[in-house]
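Make the full structure from the sequences, and use the hints.
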Amino acid sequence: KQEVTQIPAALSVPEGENLVLNCSFTDSAIYNLQWFRQDPGKGLTSLLLIQSSQREQTSGRLNASLDKSSGRSTLYIAASQPGDSATYLCAAGDSGSARQLTFGSGTQLTVLP
Amino acid sequence: DGGITQSPKYLFRKEGQNVTLSCEQNLNHDAMYWYRQDPGQGLRLIYYSQIVNDFQKGDIAEGYSVSREKKESFPLTVTSAQKNPTAFYLCASRRSGSGTDTQYFGPGTRLTVL
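Sequence order for the protein chains is A and B.
The numbering of the first sequence is our numbering, which starts it at 1 and goes up by one.
The numbering of the second sequence is our numbering, which starts it at 1 and goes up by one.
I should point out that these hints are in silico values taken from the structure, not numbers from a laboratory.
Any given hint could turn out to be false.
Said to hold, decoys possible - Straight-line C-alpha distance at most 20 angstroms; calculated SDA-like pairs for lysine to any residue:
no., chain 1, residue 1, chain 2, residue 2
1, A, K42, B, P75
2, B, K9, A, Q100
3, A, K42, B, R44
4, A, K42, B, K57
5, A, K1, B, A61
6, A, K42, B, T86
7, B, K9, A, D39
8, B, K57, A, E3
9, B, K57, A, G96
10, A, K1, B, Q56
11, A, K42, B, E24
12, B, K71, A, Q100
13, B, K71, A, S97
Written out as structure tokens, the structure is:
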């Protein structure tokens, strides 16, 4: 059974700093790896999706990488801003037709002005 | 605007009562999902449906029931058999087919048992 871990559970950085969020998964036979953002009391917003055949995806200041062999993914945020403060969740997608996701518990990021 | 709506935003239930959470999407997506989120934890899958009139149990289906009579709608009923129903419930949808793996989420319903 897939297990997804995100460390640290919380992270606080000053504005402008570059940072990396980590995600690890136990079963390397994933179909894809997704990163989501969740603001307090809100739903999830998809940030990046990396297919199993890809190594990385980029969107603006965000870059996500995937290393299936080591069971790891990272989300790199460049030049962090207070508006980036949120909880970031990663989810491993399986190859079944329903594309079920197994979520990590998230990293709560606070960017200090 | 296309999207997923969930209602109500907040729901209070007395012990022993069944309650139904609404999820509607106008994205023309085939697949729909229900998740539960507890404080400080990730999402856990309750039920999912890939097509009208068909649905499958997820990891924590006990005490919950669903129906999928229309493509746009996937209501979740939290029954009295669910022993600890207080949580944040999220609905999601996904368009079936290759290259369509992203799940889109609704704003959630927070259920509190009094």
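Any hints this thing doesn't respect? Which numbers, in order?
2, 4
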